[in-house]
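Engineer: Protein chains in written order, with UniProt numbering: chain F, 1 to 147; chain W, 1 to 147; chain H, 1 to 147; chain Y, 1 to 147; chain X, 1 to 147; chain S, 1 to 147; chain R, 1 to 147; chain A, 1 to 147; chain U, 1 to 147; chain L, 1 to 147.
Simulated from the structure, these hints should not be mistaken for lab results.
These numbers come from a predicted model, not from an experiment.
Hints are not guaranteed to be accurate.
Derived DEER-like restraints, expressed as beta-carbon distance ranges [unchecked claim]:
#, chain 1, residue 1, chain 2, residue 2, range
1, X, Lys22, S, Lys13, 34 to 42 Å
2, W, Leu9, R, Gly109, 48 to 56 Å
3, W, Leu9, L, Lys22, 15 to 23 Å
4, F, Lys145, W, Val26, 31 to 39 Å
5, W, Ser20, Y, Ser8, 29 to 37 Å
6, L, Glu106, U, Gln68, 21 to 29 Å
Where a beta carbon is used, it is the ideal one built from N, C-alpha and C, also for glycine.
There are 10 protein chains.
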Amino acid sequence: MNRIDVTSLILEKKRLHGLSWKDISVHLGGSKEWCTAALLGQMPLSAKQAHTIKQLLDLSDEAERILQEVPLRGCMDSAVPTDPTIYRFYEILQVYGTTIKELIHEEFGDGIMSAIDFSMDISRVKDEQGDRIKVTLNGKYLKYKKY
Amino acid sequence: MNRIDVTSLILEKKRLHGLSWKDISVHLGGSKEWCTAALLGQMPLSAKQAHTIKQLLDLSDEAERILQEVPLRGCMDSAVPTDPTIYRFYEILQVYGTTIKELIHEEFGDGIMSAIDFSMDISRVKDEQGDRIKVTLNGKYLKYKKY
Amino acid sequence: MNRIDVTSLILEKKRLHGLSWKDISVHLGGSKEWCTAALLGQMPLSAKQAHTIKQLLDLSDEAERILQEVPLRGCMDSAVPTDPTIYRFYEILQVYGTTIKELIHEEFGDGIMSAIDFSMDISRVKDEQGDRIKVTLNGKYLKYKKY
Amino acid sequence: MNRIDVTSLILEKKRLHGLSWKDISVHLGGSKEWCTAALLGQMPLSAKQAHTIKQLLDLSDEAERILQEVPLRGCMDSAVPTDPTIYRFYEILQVYGTTIKELIHEEFGDGIMSAIDFSMDISRVKDEQGDRIKVTLNGKYLKYKKY
Amino acid sequence: MNRIDVTSLILEKKRLHGLSWKDISVHLGGSKEWCTAALLGQMPLSAKQAHTIKQLLDLSDEAERILQEVPLRGCMDSAVPTDPTIYRFYEILQVYGTTIKELIHEEFGDGIMSAIDFSMDISRVKDEQGDRIKVTLNGKYLKYKKY
Amino acid sequence: MNRIDVTSLILEKKRLHGLSWKDISVHLGGSKEWCTAALLGQMPLSAKQAHTIKQLLDLSDEAERILQEVPLRGCMDSAVPTDPTIYRFYEILQVYGTTIKELIHEEFGDGIMSAIDFSMDISRVKDEQGDRIKVTLNGKYLKYKKY
Amino acid sequence: MNRIDVTSLILEKKRLHGLSWKDISVHLGGSKEWCTAALLGQMPLSAKQAHTIKQLLDLSDEAERILQEVPLRGCMDSAVPTDPTIYRFYEILQVYGTTIKELIHEEFGDGIMSAIDFSMDISRVKDEQGDRIKVTLNGKYLKYKKY
Amino acid sequence: MNRIDVTSLILEKKRLHGLSWKDISVHLGGSKEWCTAALLGQMPLSAKQAHTIKQLLDLSDEAERILQEVPLRGCMDSAVPTDPTIYRFYEILQVYGTTIKELIHEEFGDGIMSAIDFSMDISRVKDEQGDRIKVTLNGKYLKYKKY
Amino acid sequence: MNRIDVTSLILEKKRLHGLSWKDISVHLGGSKEWCTAALLGQMPLSAKQAHTIKQLLDLSDEAERILQEVPLRGCMDSAVPTDPTIYRFYEILQVYGTTIKELIHEEFGDGIMSAIDFSMDISRVKDEQGDRIKVTLNGKYLKYKKY
Amino acid sequence: MNRIDVTSLILEKKRLHGLSWKDISVHLGGSKEWCTAALLGQMPLSAKQAHTIKQLLDLSDEAERILQEVPLRGCMDSAVPTDPTIYRFYEILQVYGTTIKELIHEEFGDGIMSAIDFSMDISRVKDEQGDRIKVTLNGKYLKYKKY
């Protein structure tokens, strides 16, 4: 059994119990974004969280142990994603990649937005002409070291 | 002369005049994000904007005409970007791609966040432990049509 | 069991029962194009449709649940398709890609044809010199937002 | 001078004279779709058409000769297009590729839609909820030979 | 069970019964080239042929049904084949690709050799300095439509 | 000046003088297939042939020297060709690659068809239902050495 | 069971019996290079050799049959090998590829070194400063045919 | 001017003076293999050698300086070479890669053949049935360190 | 059973017994870096080490044998790694690759740092502003041979 | 003029003046590693450093301005480097990538070694059996945020 097997199992049990990711995140403690990523195999759970999810979804002891390990990250099976919902974010990079780079450097100097000391929030913006999705990426500015 | 030549020219003139992207966006009228993307060759300018930038940066008539055309979009020269500042956003997709998909579908149903009826905002969040970069992506939710 | 398993199962049962895609779409309610795509793993079914297909093809409860989930889309196993029937459409893109772009922009302005608010129709055109296939793509024009 | 140079020149002259693709196709004789593709380097012109375009856009004798040659076709510079307007058509292939294959085989038998004995039409469909783009692909059905 | 499984099974049974492709093609009715391609998963059999092969090689009813379906074509597992016998044909394309194009256009005009209304023959040419392999490709000339 | 420059020059001069490949091959001495390949940069000319072509197309002494060198072969600029006329031959490999391999081995044993001791012929086959293109590949059978 | 399964089985049995490739080649009759390649799935065995290896390693009748078939060659699972021992040979191609080409052409004329009428020898060269590996590639010179 | 420009220049001058690689290597001092590789941009020359080649081929002072720098190595412009003369060596890797690995490990233990402390020799082997090319690769065995 | 299966088994048993890599390396004898690489399938164990690990983790005799074989090295499943912890090292190559090359050549001459006669050390550097990771790569300088 | 042009110019002037990277770094102020990377186009110079290098190497005002901009990073022209000196570091990743990941997580927890708050040192280690190259990578440990 490896992490990919555990993820498949979680999806199967989630479907069987009719739970939403939000429901599960309330049990786990943590934002829905972090918890979903963790259960999809991208973040390690704490011992307590692993125990909770084991009981909630009726997993094995081995699965509980695996969920506490740091996973090998990466969820896209090709360099360019094929699923349209995911692709739109890749497209944003194709259109705005150099813009993001220029504006980060103009405002902050030579550095990056951390993808480690980082959080994400996905929420609904009510709008009469059709609701909007707001995705907020929030990462620490890290400055290139000179030495 | 093509759009890539015009972008190079704009970078050269911007550097020569010591202008920032924000400075230029004030002249053009529009957010700094949209204006920077446009001047980097990803958005067409209106006739008025093209005339303004021509005068501001001392461009030719041909450049002015080219800037009003819809460009062939795409700013990354390989499927996976090599520049670290841009790469972090690709990495976020690698870690959170399936999470974003799941949470959009859970909240909105089967559809996508538009990358066309879309805006982006990059701003600084003051923080004692080091300032943070906040990138807000805001796109209309588009629902898959059943027919 | 995942969506790919369900698709294989559907193909197996369809073959066993000697049903055509059109036959099945009459049961499901919807165009033959949408229904075929859905059963090939590209669209989610409604609860009612999933129940219908379960009974029609004698599927399990788990399959019924899986069919209602939004699938990870993408049906080509390499960037360039190898099957000649599918490849011809890729070839059309190689020959007409920039033409489509130019003519959409000339007629509509800066934007795209939606692939989400979209429908497709495939039909036969009688012709003495050999019948023809007509594929009609119909998508909403979406305009690039300026901000 | 090669075909790519001629295409660049045509784009430059078209821009200078403020002509639309439709305008030009009226001069050339032929649909706007075919003429645009030809001028973008994907179809050869007849001697008469080449002479017309030479005079209309003030091209050289060499360009006139080159325009009558069968070009090396292919307009996308990577296997997966990066421009969003063009990408949507690739996405349609990712979502509907196997569906198109199944329905052509169900209706016609084992064969393909020709991309050679083929025409395309792009037109506007008025719609109160936002106009739609209709792209019609029309190709002869070619049956696989048994021998 | 899918088409790939059926192909493996056919290879296993062919080996067990010590049959050659030519032997089998005599039973099936058709050239050795077409029959071999069909049994390797690239062409659909008629109902009668599928029944014949089922009995000849002792296959299941399901295999018989699958053999009558139009397969997803493509037999190379990478864009450039690694097997030397197959590679030589790819090499011929690398050396003669543009030559073939030029000579087809010079003799026939703008069009292609059909790979659908197409037949192939592989035969031995006796030669004192070592026998030669003659591969004849025979396809209908298809002319590009102007419209 | 390198071989690619010489090829461009030859195409330019051929166009200017209104010569066909067949015309040129008569001057050079050799089949139209070999001569076209040579002039497109895939085969070296003899000293005499290089001199002939130099005079026929009015080339420089340097070009004459370059034409006698063995070129770096390979005429496709991507692993999978995009031009439809050339692509059909790649498609034949995708459909018949393993068939060719099986039949060569069945008839000849373990070996290959040489692409070096090789000739090609492209000719027209008159046919009431539309003329056909016949491409004959003729290569020496080379047997794998056991040692 | 296919050739890859047979190779795995051979490796397992070789390990279990504690045999070296040299040991096995003595039984099979043939150089250690050819025999190893054959048993790793790159060359077909004769009926006698297949019988010998079947008895030596206790394989099944089916394996014996499979070993006599011409395999689908190619042992690297990516275009550029990742294993350092194998990679060094790819590196030699990166550094010396054009040199090899130039010197073969200078000495022999336009042609290649056959990889079919070919043998290889790997041996130890004693050296006080550390022993050396000598790999000798020996292939027939094949001349490009003019026609 | 960079190393690639110098290589082009060397090829041009070599052609003009009608020199062979062997001729040049006699002047430079060193094997024809090493000298050819160096002049094709894969090895740095000593100061004396660079001066010699400058005078022999009438190069500039800058070229002389550049030839003494360690070049960025790599002579193939795609991962898989397209030229048949070079490709055969890649094919040998595809067929014998794992064999080479097994036999090096069996004879020497865990390590590699150095591609740095390495020499190559290309020579003609007279043979009544057609001369053969012998390529000898000779590299130091380097043992993996345990620590 | 192959090496990949053994690696999976080791990970499973390590998890079950709650052992760290450091714990295991103490049993095996050797640095934690070498031992971890070996157990992850990149280095062969000695007979004694294989026996130790067999008893420590309760493996089979076959696994013990496999662990003593030189593995097919390479641990990344795509050319560019997707896991952020591993990617940072690839990024360092993207930013510093040519710098490393220049400085090795400036200090040592034309050669490389061996990746075979090589050791690695990973350790913690205490730092008030956040601890640091120090990775030391130590390889023998190997000089390019001139011949 | 862009950053790539400036790098070429710097290499040309460095060669002309016979300066080493160490010499230049003494003028610039900073480690030889950082300075070399900066001058090879991977790091921005301060205004003072840009002025110094302009005078030292006799560059233009435009070059001085460009050197102060944050560059688009990435120095390898393919995903897998072809130069042997650079490749060895890629190979280390192939052999030790997962080992590095495991040991960082075992010692520090879930996080990465920063490639931004990072320094590198390349130095010689005297050794009787041949000097060694020591490359020290030193980056801040960054912990994955839970939220």
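Engineer: At the C-beta level, are leucine 9/W and glycine 109/R separated by a distance inside 48 to 56 Å?
Structural biologist: holds, 51 Å
Engineer: Between the beta carbons of lysine 145/F and valine 26/W, is the distance compatible with 31 to 39 Å?
Structural biologist: For valine 26/W against lysine 145/F, whose Cβ atoms are near 33 Å apart, the range 31 to 39 Å holds.
Engineer: Is 15 to 23 Å right for how far apart the beta carbons of leucine 9/W and lysine 22/L are?
Structural biologist: Cβ of leucine 9/W to Cβ of lysine 22/L: about 37 Å, so the range 15 to 23 Å is violated.
Engineer: 29 to 37 Å was suggested as the range; check whether the CB atoms of serine 20/W and serine 8/Y agree with it.
Structural biologist: holds, 33 Å
Engineer: At the C-beta level, are lysine 22/X and lysine 13/S separated by a distance inside 34 to 42 Å?
Structural biologist: violated, 51 Å
Engineer: Okay, glutamate 106/L versus glutamine 68/U on CB: inside 21 to 29 Å?
Structural biologist: This hint holds: roughly 25 Å between Cβ atoms.
In summary, the numbered hints that this structure violates are 1 and 3.
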